[in-house]
Amino acid sequence: MTPIQTLRVALRALMRNKARSFLTTLGVIIGVAAVIAMVAIGEGAKARVSDAFASMGTNLLILLPGSSSRGGAFGGFGSMPTLTWDDLKAIRNEVPTVRTAAAALQTAAQIVSEEQNWSTSITGTTPEYFDVRSWQVGHGTLFNQSDVDNSAKVVLLGQTVVDKLFGPNVEPIGRSVRIKNVPFEVVGVMARKGQSPMGQDFDDSCFVPQSTFMSEIRGGLQKYIGGAVFIGATSTDATARAQAQISALLRDRHHLQQGSDDDFSIRNLTEVAQAQEQGTSTLTTLLLAIAAVSLVVGGIGIMNIMLVSVTERTREIGIRMAIGGKPRNILAQFLVEALVLSVAGGLIGVALGVGVARYLSSSFGWPLLIQPDIVVIAVSFSAVVGVVFGLYPAWKASRLDPIEALRYE
Amino acid sequence: MADRQHLLELRSVSKVYRLGDVEVHALRDVSLTITAGEFVAIMGASGSGKSTMMNVLGCLDRPTTGQYLLDGRDVSQLDRNQLAEIRNRTIGFVFQNFNLLSRTSAIENVELPLLYGGVAGSERHRRAREALDHVGLGDRIDHHSNQMSGGQQQRVAVARAIVSQPRVILADEPTGNLDSHTSVEILALLQELGRGGMTVVLVTHEPDIATFASRIVVMRDGRVLSDHRQQPQAARLELVAAPETGAQP
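Residue numbers (this note's numbering), protein chains in the order written: chain Z, 1 to 409; chain V, 410 to 658.
Hints are computed from structural coordinates only; laboratory data are not their basis. Glycine included, each C-beta is placed from N, C-alpha and C at the ideal position. Misleading hints may appear alongside valid ones.
Computed footprint of chain Z on chain V; a stretch qualifies when at least three of its residues, placed anywhere within it, have a C-beta under 8 Å from a C-beta of chain Z [stated by the list, open to error]: (1) 482 to 496; (2) 502 to 516; (3) 521 to 533; (4) 537 to 547.
All chains should be built: construct the whole structure from the sequences, respecting the hints.
The structure is reproduced here in structure tokens:
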């Protein structure tokens, strides 16, 4: 018998019992669908996490001033200014792995237009900041270095702030808004950036030149930086080196003894992002393991039904043997039946899994990511399941004694 | 080697089964020669060893001791695969309970031996059709067994037995599940095959049925009790009362 003939015989036998064939394969369908959906969801979540971190800025390090300690109570990072503007200059100029850096001075304030007012976060910074955060202006222009040098009263608004102050149909560029009773001219609206990985709305903020911020909005220390410094490394691989080099530079500049604590802290967002992605991967692996177990359970279901089928069709096997079916023909027939069930289950499962993944990704707003290799792996694995769990029943069928089998009622 | 004189030859064949601790001697030193073209009835009560003899003759079972020559070839020591091949090429089976595949059309049932014999698709279909035509079911090739009467099913079984043009037909109580009218029809079919040169071995416990054979072998306790030739009765439908219903050939 040729393989095609065996396949045809197996198909005919399966079609004689459609409902049972379908129910048998259901285990594999669900298993494969679960694998496909889990992996797609995992990849989608991972992509979303890395997107969120990319939106914070590329190759980003955040440098925070040190903690104050008074009487043993530590105030936490940023509670005491330890970083000077000269430190920032040194970081920009002396660390080779640093592409650019900018301080961001932050406060919350009421911003008032002719129609509305809104409380938001005001950041005083320099044009490098937008480069480090990879944040483009949506329309209008960014303020430039001469605006910073001249303490120009210009402001860049986030999209959320624009919506709150002007509503959807008003052109904000050129309009005047007041912050702490100082009028500012709106020169640009930032492109929409969405949420931070922690759910904070990036677009609910506005930006003024650093010098203007210090003179008009919040005065204070002139020598020290009253906020965080955002640093862009030259590449993703360079972030760890940049962190070490900045740390060494600052310890030297601050004359810290060996063994004493840093009076600043550096957060490496690339590392945080990688840790997050790893967490997501771990979860995906776990879900995948559960899905694989369900696939094996599906295989056991196939074995179970094939064993029942062999018993039930004992007489058929006897007839086939009597008229010339060899043991290996019988083995092949039942093995192919199991294989057809499992592969059909695999294919239906892939379709179902893609459907589920599509539904979930659209309802969570995740990107739909289904790699072809996971589809191939899932279908091949279900084929392997079919062979492994089909072998024993098929072997049993092929070992039947034709005389006994023909006598079977 | 294909000695026309000795198509089937049992030489001192014994068959011993072990049921738990008890040894059952189903065949005891049986020697029997059947020549090509004979129509032999093997008779005997249940437990006489006729079924075991049938299984050995049909290459479904191997003798414990002794030799079985089929068409000159000793088949008593062949393995399962080789026996399957012999059954496929040389022997056609007809069973008491028809043993057709359920939910399968007549033509597919008849094609089955050819499928295992490796006959290609169109050739297989043509020969199966011919065999069904031969038994008078050429117009019912797509009927399933549950749509047919017992007589029709047994004729499909005969078609299946002859489709691979075997040397011998082994019929195990072929009329056991049929009424007398259809029994005669089936016997007429078997006699016709015998006239065509095919060897027919019929196992039965009914003396009436045995009268249609040209030779009667009677078994008892695993031995051949008697073996004689006779003038066979021709199977004609006039022998039985016409039934109200019945399959028309």
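Structure versus earlier hints - violations, ascending order: Hint 4 contradicted; others consistent.
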